[in-house]
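Spelled out, the chains give:
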Amino acid sequence: MAQSLAKEFTKGLWAEIPPFRLVLGLCPTLAVTKSVENGIGMGLATTFVLVFSNLLISLLRNVIPTKVRIACYIVIIATFVTIVELVMQAYTYPLFLKLGIFIPLIVVNCIVLGRAEAFASKNNPVMALADGLGIGIGFTLSLASLGAVREILGAGTITIWGGSPIFDLSHWFHPFTFMVEAPGAFAALGLMLAGMNLIGKK
Amino acid sequence: MREMISMIVVLTVLASVSGGLLAAVKSGTELRIEEQVLKFQKAPAIESLFSDVTNDPLKERFNLDTGETTIQIFPGKMPDGSMAVAFETLGKGGYGGDIGLMVAIDMDKDQLVGARVTTHAETPGLGSRAKDDLTFVSQFNDKSLDTNLALKADDGTISAISGATVTSRAITRAAIEAQTLYNDLKPEIMKQIQ
Amino acid sequence: MEFFELAIGSIFINNIILAQFLGICPFIGTSKKMETAVGMSMAVVFVMVMAGMITWSVDTFLLKALNVEYLRTLSFILVIASLVQFVEMFLKKSIPGLYAGLGIFLPLITTNCAVMGACLLNIGNEYHFTKALMSSFSYAIGFGLALILFAGVRERVNLGPVPKPLQDTSIGLITAGIIALTFTSFRGMV
Numbered sequence: 001m002a003q004s005l006a007k008e009f010t011k012g013l014w015a016e017i018p019p020f021r022l023v024l025g026l027c028p029t030l031a032v033t034k035s036v037e038n039g040i041g042m043g044l045a046t047t048f049v050l051v052f053s054n055l056l057i058s059l060l061r062n063v064i065p066t067k068v069r070i071a072c073y074i075v076i077i078a079t080f081v082t083i084v085e086l087v088m089q090a091y092t093y094p095l096f097l098k099l100g101i102f103i104p105l106i107v108v109n110c111i112v113l114g115r116a117e118a119f120a121s122k123n124n125p126v127m128a129l130a131d132g133l134g135i136g137i138g139f140t141l142s143l144a145s146l147g148a149v150r151e152i153l154g155a156g157t158i159t160i161w162g163g164s165p166i167f168d169l170s171h172w173f174h175p176f177t178f179m180v181e182a183p184g185a186f187a188a189l190g191l192m193l194a195g196m197n198l199i200g201k202k
Numbered sequence: 001m002r003e004m005i006s007m008i009v010v011l012t013v014l015a016s017v018s019g020g021l022l023a024a025v026k027s028g029t030e031l032r033i034e035e036q037v038l039k040f041q042k043a044p045a046i047e048s049l050f051s052d053v054t055n056d057p058l059k060e061r062f063n064l065d066t067g068e069t070t071i072q073i074f075p076g077k078m079p080d081g082s083m084a085v086a087f088e089t090l091g092k093g094g095y096g097g098d099i100g101l102m103v104a105i106d107m108d109k110d111q112l113v114g115a116r117v118t119t120h121a122e123t124p125g126l127g128s129r130a131k132d133d134l135t136f137v138s139q140f141n142d143k144s145l146d147t148n149l150a151l152k153a154d155d156g157t158i159s160a161i162s163g164a165t166v167t168s169r170a171i172t173r174a175a176i177e178a179q180t181l182y183n184d185l186k187p188e189i190m191k192q193i194q
Numbered sequence: 001m002e003f004f005e006l007a008i009g010s011i012f013i014n015n016i017i018l019a020q021f022l023g024i025c026p027f028i029g030t031s032k033k034m035e036t037a038v039g040m041s042m043a044v045v046f047v048m049v050m051a052g053m054i055t056w057s058v059d060t061f062l063l064k065a066l067n068v069e070y071l072r073t074l075s076f077i078l079v080i081a082s083l084v085q086f087v088e089m090f091l092k093k094s095i096p097g098l099y100a101g102l103g104i105f106l107p108l109i110t111t112n113c114a115v116m117g118a119c120l121l122n123i124g125n126e127y128h129f130t131k132a133l134m135s136s137f138s139y140a141i142g143f144g145l146a147l148i149l150f151a152g153v154r155e156r157v158n159l160g161p162v163p164k165p166l167q168d169t170s171i172g173l174i175t176a177g178i179i180a181l182t183f184t185s186f187r188g189m190v
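Residue numbers (this note's numbering), protein chains in the order written: chain A, 1 to 202; chain B, 1 to 194; chain C, 1 to 190.
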């Protein structure tokens, strides 16, 4: 029991890590990875929604009629997304402004609906919780690492929390601004994906 | 039939619970959100415009009901004794939507103290310069209240930011709106200040 | 004239896929073949325009009137989900070929950030009805343009000798990056 629980949790951290292995949730990945801080913020917000919606959907899985299940999942997910929106506005206002439209867009993040349909609706709440937590943390790690790559190359800094970078290399080299702009996002994700394929295919 | 009823019941219960939950969270966070908006959006502009006032504009702020909306007014006592007020207007037609402008007006001298951009969603590096670089908005400093604050391209006196005409125009719209609003509300404001 | 500027802005400069990062999943998913790309674009144009109009009305006449704007996310996604369901049923009956061709991508328009995103952007920009309509239409055209361009390039790229780790999605993303780069040249046009 404990072993399979651990398995459900850790699969989100490597084997099925979004968006690299589980190719879902690409929109926020490209948009919020201009800095590590934004990536972590988005990842945590998504994790919150993922964990609670997985939990609730799993608890209600025998009650929700099959024909309207997608509609019910959407209501549940949208509720938690709205809670995240309000809480972020109240307690992390600058981050809320930076993530902008992508916070409400968590509701259409394929990861959340995908896990609800593929896992939470078919497993017990404890497993669903582990799944949500693992995938959510995996997503946060991916966003943070892509954010790190883009931020270091594109601005020479790494910002983890609170707006001031923890170090600033921009005096040593002229930052590659391409990286924090749209084209760089695509290229960076593509290259990282290739890198993951290379490591994984051994 | 039974299936239909269960579908409707489940959806209705779910929607009601969710609605209730959200309403609760909303009222719980409302006050705090208002404080945050004040702190992050308006305070920097106020501090920049009223850098040498002798009172606390944020503490002494008050609301004025114009009939259509409520405006937050920040009073500032200038170092030379004259009374000024600052309030925010929205300029329509920016690239990314409305642009917020905090305008400060010296009531005794009947002239603008200045203006600062508060919120915008303009193109980074182009229109966003209106907020970060004070060259454009400093054109509003010390302008008498009857100046035509439109862009030079629109027969006014303000030079646009090169490459960001749309942004500049939206800001001038906000400034003009502030002029109109001030003229309409001046008696009310004087009453409140007393 | 204002509408022209809006259209240019929404189609090229603020292209919903290449500049705003909305709609990436279908962008990668339906761009392997030209037919699916074209079909998806048409479906998106239809859904986006209709969703834009309906969500705008819901926001103006319901949410703002009752002062429940925090229910926006919830209500918008429900509108979009129902609309897509509707379109599915319609296509199944009237154009079964297209319905079969789109396959799973049609219900996936519900989770298409581009549609939800465009509806939210209309509200964020505080457009009035006609502008919201124009904007939804332009965003959809921009979506279709980017998707079809991308599909064309991708079909050619996949015929070449791509190294194994880069195949499929990776090289697709890098190609998208280059196209995004060319689109940045539109800035400062208006």
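Just so you know, the hints here were simulated from the structure itself, not pulled from any lab data. Take the hints with a grain of salt, since some may be wrong.
[What the hints assert, rightly or not] Calculated cross-link-like contacts (lysine-lysine; reagent style DSS-like; alpha-carbon spacing at most 27 Å):
1) K92(C) x K98(A)
2) K77(B) x K186(B)
3) K67(A) x K164(C)
4) K131(C) x K11(A)
[Claimed, not checked] What follows is a set of in silico ranges between Cβ atoms, one per label pair, in the way DEER data are often shown:
5) S51(B) x E5(C): 35 to 45 Å
6) K122(A) x A15(B): 23 to 33 Å
7) M34(C) x Q72(B): 50 to 60 Å
8) E126(C) x E30(B): 49 to 59 Å
9) F40(B) x A6(A): 15 to 25 Å
Note that beta-carbon positions come from the ideal geometry of N, C-alpha and C, so glycine has one too.
Do the hints match the structure? See the list:
1. Of the pairs offered as hints, the one joining K92(C) and K98(A) is violated, with about 41 Å between alpha carbons and a cut-off of 27 Å exceeded.
2. For the given pair, K77(B) sits about 16 Å from K186(B) by alpha-carbon distance, which is consistent with the 27 Å threshold.
3. At most 27 Å may separate the alpha-carbon atoms for a hinted pair to count; K67(A) and K164(C) exceed this at roughly 42 Å.
4. Restraint check: the Cα-Cα separation between K131(C) and K11(A) comes to about 46 Å, which exceeds 27 Å; the hinted pair is violated.
5. For S51(B) and E5(C), the hinted distance range of 35 to 45 Å is satisfied, since their beta carbons lie about 37 Å from each other.
6. In this structure, K122(A) and A15(B) meet the distance hint of 23 to 33 Å, their C-beta atoms being roughly 24 Å apart.
7. At roughly 55 Å, the beta-carbon separation of M34(C) and Q72(B) lies within the given 50 to 60 Å, and the hint holds.
8. Remark: the range hint 49 to 59 Å for E126(C) to E30(B) is contradicted by a beta-carbon distance near 22 Å.
9. The given range of 15 to 25 Å is broken by F40(B) and A6(A), whose C-beta atoms sit roughly 42 Å from each other.
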